[in-house]
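With chain G fixed as given, assemble chain F with the ligand onto it according to the hints.
In the order they appear, the protein sequences are chains G and F. Numbering of the first sequence is given in our numbering, commencing with residue 1 and proceeding in unit increments. Numbering of the second sequence is given in our numbering, commencing with residue 1001 and proceeding in unit increments.
Honestly, I wouldn't trust all of these hints.
As the list claims (entries may be wrong) - List time: in silico BS3-like cross-link candidates among lysine-lysine, alpha-carbon distance up to 30 angstroms: (1) Lys210/G x Lys1049/F; (2) Lys203/G x Lys1258/F; (3) Lys1015/F x Lys210/G; (4) Lys1071/F x Lys203/G; (5) Lys187/G x Lys9/G; (6) Lys1053/F x Lys1227/F; (7) Lys210/G x Lys1053/F; (8) Lys9/G x Lys1277/F; (9) Lys1277/F x Lys1053/F; (10) Lys1038/F x Lys210/G; (11) Lys203/G x Lys1015/F; (12) Lys1071/F x Lys254/G; (13) Lys203/G x Lys1053/F; (14) Lys1071/F x Lys210/G; (15) Lys315/G x Lys367/G.
These are calculated hints, taken from the structure and not from any lab test.
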Amino acid sequence: MKNGSRLLKPGSYFMRGNNACVEGALIAGCRFFGGYPITPSNEISAMMARRLPQVGGYFIQFEDEIASIVSIIGAANAGVKSMTATSGPGFSLMQEAIGLAFMIETPIVIVNVQRGGPSTGLPTQVGQGDFMQTHFGSHGDYETVVYLPNSPQEMFDMTIKAFNTAWRYRVPVVVLSDQMVGHMIEKVIVPEYDEIEIVDRIKPEVPPEKYLPFDSNYLVPPMAVAGEGYRVHLTGLAHDERGYPTTDHGNMMKLLNRLLGKIRKNERKIAEWEEYMTDDADLVVVAFGITSRSALKAVKDARDQGYKVGLYRLKTAWPFPYWRIRELADEGKEFLVVEINMGQAVRVVREYVPFERVHHLPWAPGKCPPPEVILDKIKEVLGR
Amino acid sequence: MSSEVVIRPSIDEIKSLMRVERLPHIWCPSCGIGIVAKAYVEAVLRSGKPVDKHVLVSGIGCSSRMPGYIKLDGYHVIHGRAIPFAVGMKTVKPELEVTVFAGDGDLITIGGNHFIHAIRRNDDVNVIMINNYTYGMTGGQYGGTTPPGSRTLTSPYGHIEGSFNMPLFVASLGAPFVARWTALHYRQIVDTILEMFKVDGFAFLEVVTPCIIYTDMNRMDAVSFMKMFRDRVVIDHNADLRDVALSVDPDSKIVVGKFVSRESESFQTKYRRLMEKVMGDGSG
Ligand SMILES: Cc1ncc(C[n+]2csc(CCOP(=O)(O)OP(=O)(O)O)c2C)c(N)n1
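For reference, chain F alone in the conformation it holds in the complex:
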């Protein structure tokens, strides 16, 4: 991280980008989603890009309600389809900085096909995934990131399916930027989102923040929740991603860090070059 002095936005500046008239929000006390919302707003204010060029897109779920509280162009679309909406928008209007904010179920369970193909195309979108281990909005069913062994509404005898190890999955698909933090890591999340804004391609951040209502974090208060992260987190930017799967074991480690960051050229950049060539030389 850089050593220059960082001037953080004041609370009033943060509020200026919040739809305060919509409060109270729908998130439960102690839920980690709000922390990420604030971190995103701080990153927008510090991005150096005009605030009005930032756009938020989300699907359906607790996490997907985020655009509703932030005073930017925000699009709350249908379950699992935030990525194609964002891709359409970004493709035709390159000056937009488009960020997708999604729950794990929305993004990689119902929306999994769009997710993998956006990485393959290397679409120029930022994707922030709240991993709360479950479908929060519908009452705690299991999803693609639910750790094996979890008891959920729809796996009452214990979850016997596997789950995605997201950093490994996303890196293996070739995404140019992959990071993971927890709700404890406010500053790191801000810094990471600022880096994601600069990536010309698919930038992915997983924020681990288990649902405090529907997982075994059952009704944990905010302080104990943060202490739990502090006890379990290991920061390792060079971790072997095969070893970073999340576990239901309360003593297991949560490995976080900036795992992948490499040069990239997005589909959108390549397309515009192709278009200029076709328009210029009359080929085709």
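The following block holds chain G by itself, in its conformation from the complex:
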């Protein structure tokens, strides 16, 4: 059977979120997975172990999450689209290597199916407490792109998008899911393949003697991979355009500005969100992932009862689509942030909205706040 002929065919399926993520990854071109078992992401590695050899890809269950993420950085530097999946404790172990991927501009995809934390926390129950960690978990200044699926369909779509963003900008990209979205079974539509955008590696067009792996004439330099004759030197140390270590201050500022600029200069192209009835709203509920589904129900119920409430659903955590939040804030609206943690996205919203107009529902018991709880909070905030 020919390579690729066993990808999931276009059509309509009834599928688990984690499985949809695997099928999306394979269609995006993922051919290497390195992982380590952890609930609630296990369906992803189990499916990858079964599916990858069927499509000519490679699967290794490693000794830990550090090896898992480092192995995919290695495989990506051999030119192969690669991915890992984990949950909180494993994501913590991956932090140092996320910085490496950022520094040596290696496209990788990390799926974090969140559970309740801190520490071992609530292994089988939902959490959204890794929101900040996806941006600030590794040391130093870096940028990642973080997608926030809220359905099995989006586990499929956003995993493909994560690969595209990773390879377009040569950055590590995170799909930040949660236990409920990962385990939920729902309809998933696989479009015709020619309707699915797939971004591949930008290859160098110059011969090896002319190639600079970190050429600052580009925002995203073309990527040579091992064995092509470009003889690159890649290091996590501060490096010049040749990839050689240097402690030159001017060089470091130039490097940082370019690396961060890949995302910062494109934030409006990359960031995504969705709004429901925000135009005339007095109060905007901000939510993401599984929480956004409960929040939508609460907002609809509130509307039925005459409250002017809308929903602002984050589809990317980072870049954070702050410009739209500012516009809504300028209209004098109040904000209520609902998330399964004790206060993370709310801190970001407070950066763009006057402090007293930002309300929060601290909630991290290991389950999603039901619509009634959110509705009560909406009523409390609106004081009616």
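Then chain F with the ligand, alone, in the frame of chain G:
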């Protein structure tokens, strides 16, 4: 060793694979790391494999700076994690000849878990470990190979922990190829690396070259350093590996040789066979 005439690469050929523009290097005068770097380059040139298919991966430390001076695809990653990087790369691109170059601390102290599991899986990578008895880069702390009794920055009253006897350790884990030489043994190192390139599986070479700054070899000049090796080395390919532990005693012997070399099939070879079967018969 074979009796055929060996044509060694000229110094210009060696230089053609060096990033001469990066000189001077960071290694101290008399340090043994450079000898191994040159030996590796000679082996690459004599390997018969296209030079561009050779890849070097390293972690962090003095020894790990090696890829930075060699004009091949080289990846200087994070401390202790060279092996998983190399494994990812080799797995997806079998035509690469992937060599990990590491310090002892990097490889088997912080990176110990990856090391033992790569041997268990029998990953098809070559691993060259510089055993300088210490953490050189950070100023001479003790690590997993520091011989008991050593005085180091972090064991100022004498090291009271045990240390790994690497050949015994690696052989006991089932690695198909295990050798040890010292910085004195340039030619043997070249020959050994050439053999390692042919192994389908985990091939391990320990090069003993105590740090001349942070061990009791304190600021030994290169000639005395080589004389010290000549006085202490015993070549014994059939040594009982239980007896080859390194000691802090300046009169102790350093047993070297090609200790293990046996038939092997790597994880990567087995995986590709499995993949072809799954793709071919539609099972799974
Ligand atoms: C995670 C992490 N911890 C600590 C360090 C600091 N560090 C840099 S090199 C090194 C030890 C190197 O020792 P070894 O691997 O034996 O190599 P050598 O310098 O002796 O060649 C350490 C601890 C680091 N870079 N990263």
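Going down the list of hints, with the structure as the test:
Distance check on the hinted pair: Lys210/G and Lys1049/F sit about 24 angstroms apart at the alpha-carbon level, within 30 angstroms; holds. Only pairs whose Cα atoms come within 30 angstroms are accepted, and Lys203/G paired with Lys1258/F is rejected, the gap being roughly 42 angstroms. Restraint check for Lys1015/F and Lys210/G: satisfied, since their Cα atoms lie roughly 20 angstroms apart, inside the 30 angstroms limit. For the hint pairing Lys1071/F with Lys203/G, the CA-to-CA distance comes to about 20 angstroms; that is within 30 angstroms, so the pair holds.
Among the hinted pairs, Lys187/G with Lys9/G is consistent with the structure: their alpha-carbon atoms are about 15 angstroms apart, no more than 30 angstroms. Under the criterion of a C-alpha separation no larger than 30 angstroms, the hint pairing Lys1053/F with Lys1227/F is inconsistent with the structure, at around 37 angstroms. Between the alpha carbons of Lys210/G and Lys1053/F the distance comes to roughly 20 angstroms, so the proposed pair stays at or under 30 angstroms and holds. Of the pairs offered as hints, the one joining Lys9/G and Lys1277/F holds, with about 22 angstroms between alpha carbons and a cut-off of 30 angstroms not exceeded.
About 27 angstroms separates the Cα atoms of Lys1277/F and Lys1053/F, which keeps this hinted pair within 30 angstroms; it holds. For the hint pairing Lys1038/F with Lys210/G, the CA-to-CA distance comes to about 26 angstroms; that is within 30 angstroms, so the pair holds. Of the supplied pair hints, the one linking Lys203/G and Lys1015/F holds, its CA atoms being roughly 28 angstroms apart against a limit of 30 angstroms. With a CA separation close to 25 angstroms, the supplied pair Lys1071/F and Lys254/G stays within the 30 angstroms bound.
As the CA atoms of Lys203/G and Lys1053/F are separated by approximately 18 angstroms, the hinted pair is consistent with the 30 angstroms bound. Only pairs whose Cα atoms come within 30 angstroms are accepted, and Lys1071/F paired with Lys210/G is accepted, the gap being roughly 15 angstroms. Annotation: proposed proximity of Lys315/G to Lys367/G holds, straight-line Cα distance about 20 angstroms (limit 30 angstroms).
Against the hints set out earlier in the document, violations occur for numbers 2 and 6.
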